[in-house]
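J.: Following the hints, put chain B in place on chain A, whose structure we already have.
Sequence lines, in order, name chains A and B. Residue numbers 1 to 163, in our numbering, belong to the letters of the first sequence in order. Residue numbers 1 to 452, in our numbering, belong to the letters of the second sequence in order.
No wet-lab data here; the hints were simulated from the structure. You may find that some hints are simply not true.
Output of the computed footprint for chain B on chain A, the stretches with three or more beta carbons under 8 Å from beta carbons of chain B [as the list claims (entries may be wrong)]:
| no. | segment |
| --- | --- |
| 1 | 36-49 |
| 2 | 63-77 |
| 3 | 137-145 |
Beyond 10 Å from chain B on every Cβ pair, some chain A residues (computed) [what the hints assert, rightly or not]:
| no. | residue |
| --- | --- |
| 4 | D33 |
| 5 | P58 |
| 6 | Q59 |
| 7 | S60 |
| 8 | K131 |
| 9 | H150 |
Here are the simulated distance ranges between beta carbons [as the list claims (entries may be wrong)]:
| no. | chain 1 | residue 1 | chain 2 | residue 2 | range |
| --- | --- | --- | --- | --- | --- |
| 10 | B | N441 | A | R71 | 41 to 47 Å |
| 11 | B | G24 | A | R71 | 26 to 32 Å |
| 12 | B | A122 | A | G138 | 57 to 63 Å |
| 13 | A | D34 | B | C145 | 26 to 32 Å |
Glycine residues also receive a C-beta, built at the ideal position from the N, C-alpha and C atoms.
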Amino acid sequence: MARLRSSDREAVEELFNACYPRLAGWVRRLVDDDETAHEIAAEAFTRLLSRWTSLDNPQSYLYMIATNLVRDHWRKTSRERRAIRTITATVPAEPAWQPAQDVDVRALIEGLPPKLRSAFLLHYYAGFGVKEVAAMLGRPEGTVKADLYHARARLKAAVGEAS
Amino acid sequence: MTDPRDPIERWLSTDVELLPPPPGAYERVHRRARRRRSMRALGAASGVAVVIAAAVVLPQVAGNLLPNGGGPASVSGTKSTSATPSTRPSASRGTHHAGGHPAALPKGPALAAGGPTEAPAAGLRPTSVTLVGTEVGAVIGQAPCAEGTCTAAAQTSDYGTVWTRLGAPDAGPANGSSGVSQIRFNVDRTDGWAYGPGLYATHNGGRTWRQLSMPGRVIDLSTVGGMAFAVVGTCTGGGATFAAHCTSFALYRTAIGSNAWSAVPGAAAAGAAVPGGLQLTSQGGYLLAGGRLFSGPVTAGAWHQVRPEAASAPGCLSGAAQPASGPALLAPEGSVLYLACGSGSGLTLYQSADGGGSWQRTGPIAAQGTATSLAAISGGNIVLATTTGIFYSADGTTWHRAALSGTVPPGGFAFVGLTTAQQGVAITSGTGGGRLFVTMNGGRSWRYRPVT
Numbered sequence: 001m002a003r004l005r006s007s008d009r010e011a012v013e014e015l016f017n018a019c020y021p022r023l024a025g026w027v028r029r030l031v032d033d034d035e036t037a038h039e040i041a042a043e044a045f046t047r048l049l050s051r052w053t054s055l056d057n058p059q060s061y062l063y064m065i066a067t068n069l070v071r072d073h074w075r076k077t078s079r080e081r082r083a084i085r086t087i088t089a090t091v092p093a094e095p096a097w098q099p100a101q102d103v104d105v106r107a108l109i110e111g112l113p114p115k116l117r118s119a120f121l122l123h124y125y126a127g128f129g130v131k132e133v134a135a136m137l138g139r140p141e142g143t144v145k146a147d148l149y150h151a152r153a154r155l156k157a158a159v160g161e162a163s
Numbered sequence: 001m002t003d004p005r006d007p008i009e010r011w012l013s014t015d016v017e018l019l020p021p022p023p024g025a026y027e028r029v030h031r032r033a034r035r036r037r038s039m040r041a042l043g044a045a046s047g048v049a050v051v052i053a054a055a056v057v058l059p060q061v062a063g064n065l066l067p068n069g070g071g072p073a074s075v076s077g078t079k080s081t082s083a084t085p086s087t088r089p090s091a092s093r094g095t096h097h098a099g100g101h102p103a104a105l106p107k108g109p110a111l112a113a114g115g116p117t118e119a120p121a122a123g124l125r126p127t128s129v130t131l132v133g134t135e136v137g138a139v140i141g142q143a144p145c146a147e148g149t150c151t152a153a154a155q156t157s158d159y160g161t162v163w164t165r166l167g168a169p170d171a172g173p174a175n176g177s178s179g180v181s182q183i184r185f186n187v188d189r190t191d192g193w194a195y196g197p198g199l200y201a202t203h204n205g206g207r208t209w210r211q212l213s214m215p216g217r218v219i220d221l222s223t224v225g226g227m228a229f230a231v232v233g234t235c236t237g238g239g240a241t242f243a244a245h246c247t248s249f250a251l252y253r254t255a256i257g258s259n260a261w262s263a264v265p266g267a268a269a270a271g272a273a274v275p276g277g278l279q280l281t282s283q284g285g286y287l288l289a290g291g292r293l294f295s296g297p298v299t300a301g302a303w304h305q306v307r308p309e310a311a312s313a314p315g316c317l318s319g320a321a322q323p324a325s326g327p328a329l330l331a332p333e334g335s336v337l338y339l340a341c342g343s344g345s346g347l348t349l350y351q352s353a354d355g356g357g358s359w360q361r362t363g364p365i366a367a368q369g370t371a372t373s374l375a376a377i378s379g380g381n382i383v384l385a386t387t388t389g390i391f392y393s394a395d396g397t398t399w400h401r402a403a404l405s406g407t408v409p410p411g412g413f414a415f416v417g418l419t420t421a422q423q424g425v426a427i428t429s430g431t432g433g434g435r436l437f438v439t440m441n442g443g444r445s446w447r448y449r450p451v452t
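One chain only, chain A, in its complex shape (with noise of 0.2 Å):
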């Protein structure tokens, strides 16, 4: 994607109407509804159209920007359960927090380490090459390669555990 200016205004309407479907539904497979998925894609874009002038690529940056915020967003909703586990220790447990239909597979994403996690979830589920990765997190290429083979093989780990 070519360097987008600030003055044209028809661009950036023209990059979010292109890419928010896509980023937010991206998203929305992460966390656990469409509300939390759009507050993500909107607070990615406006992150990008506030300082977009000096982004070679802005399809990188919303993806990588949306990754932060979802490992954000999960580690507040891993300290709610925690604490809901505290407070409902003594009575009956009421399901604070709906898991949603990919959870098994996202709580263990979720599992791996964040310089894991952030590779495999830019490689393997937004598409992004491993040259783009290396680049988009400031890794050598080859580190990105063992980190997703690292990724591959604890997710592969958990899934043998688990089943």
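T.: Same frame as chain A, but now just chain B:
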């Protein structure tokens, strides 16, 4: 990863289902991005660090509402859950929008916009104050005008020493189901709300306001992070006691910058919602309503009712839809939640370190009068406003009456809030609006600050 039965592979190979943007999403994103660019440019130009982002929105209320802690440092304060008509400012004649949705109201000065300034409307009696950080703030109230009484607002950039005019909605005073009495601004100083019981929003620092339609009376409102939350009640109280006689409540939220409010799952029930029951921190939110405590995230996601251990549960969390035992005031302080519970024998302070799951009785609160508002902040005193004055305690067990300068009306104080461990604001009750008091020593003494 090649095994077709591998759930990881299945998950990854499933096409992403597109999720189109909701109506107006692009405009909201564009507006927020433009605002952030402006903030960054302003910060760079002035050499000011982005500390403002971590500052506390310190909403305060007077009259009928209560403040909510905004951010981590939290300006805290809680308004009494016992609506006492005599302590509320009365609604007077006033210009009143007959339910319409004015597209653009007359423009007024914006919050912290700089440029030429005007003196506040003569005779302005504030019913609510909101502080954004440790210097900038705003009040809203009623002032005499050609039509009788008009809604007016003022702003300060030095914690209440000097005041200048701020744009205000053409709403009229709180009068049953219409008018406004409270004000809140987000930390960006751009997005703000005038409410109680009506709801008006500004997205340009108060220059213009737009009336919004909500499914009930807006009893409480607070912001934190990128979200605003509002408690909407079904109530029949008249005049300025719009939050009285409520039979049900529901929590709503919206992204800052948006006028699209949606119900928060898990935070609606029968019972009375009262001003000050909504307390937000950067870690999570609490709603004390209907004799129950609700908790949830301040981003997205559902809230839930906190069910305290039966052995330690304070009486005011009995689940009774209507408070019978007296006022119940909530104030977060870091990871500790304070709850002042009224009973026939007076007020008792409780604290919880686990979000309300279990409570520890701290002790009786030695204060005279009916409690109206509670505030606590990390490293500072716990401060309580009552109908006779202001009281403070360093440990929750030993209480002292604060020194006051200036005239305090018979109704005492309606609201108290803390911006830092040293700074705080309070508003008196009183017919037609209150008076603003400020502390700079953690609540030990308070000085009258005229809004002129």
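J.: All the hints need checking, so say for each whether the structure fits it.
T.: Structure-based check of all given hints:
For the segment 36-49 of chain A, the proposed coverage by chain B is satisfied: 12 residues have a C-beta within less than 8 Å of a C-beta in that chain, meeting the threshold of three. Counting residues of the segment 63-77 of chain A whose C-beta sits closer than 8 Å to any C-beta of chain B gives 3, which meets the bar of three, so the coverage hint holds. Note: the segment 137-145 of chain A has 0 residues with beta-carbon separation from chain B under 8 Å; the three-residue rule is not met and the coverage is violated. At roughly 7 Å, the least C-beta separation between D33/A and chain B is not larger than 10 Å, which violates its mark as non-interface.
With a closest Cβ-Cβ approach of about 12 Å to chain B, P58/A is found to remain outside the 10 Å limit, as its non-interface label requires. With a least CB separation of 14 Å from chain B, Q59/A remains clear of the 10 Å interface cut-off, as annotated. Remark: the non-interface label on S60/A is consistent with the geometry, its nearest Cβ contact in chain B lying 17 Å away (cut-off 10 Å). Every Cβ of chain B is farther than 10 Å from the Cβ of K131/A; the closest lies at roughly 20 Å, confirming the non-interface assignment.
For H150/A, the non-interface assignment is confirmed: its Cβ lies about 13 Å from the closest Cβ of chain B, beyond the 10 Å cut-off. With their beta carbons about 42 Å apart, N441/B and R71/A fall inside the hinted range of 41 to 47 Å. At about 28 Å, the CB distance of G24/B to R71/A agrees with the hint of 26 to 32 Å. For A122/B paired with G138/A, a C-beta distance near 60 Å keeps the hint of 57 to 63 Å intact.
For the pair D34/A and C145/B, the beta carbons lie near 46 Å from each other, so the given range of 26 to 32 Å is not met.
Violated hints, listed in ascending order, are 3, 4 and 13; each of the other numbered hints is respected by the structure.
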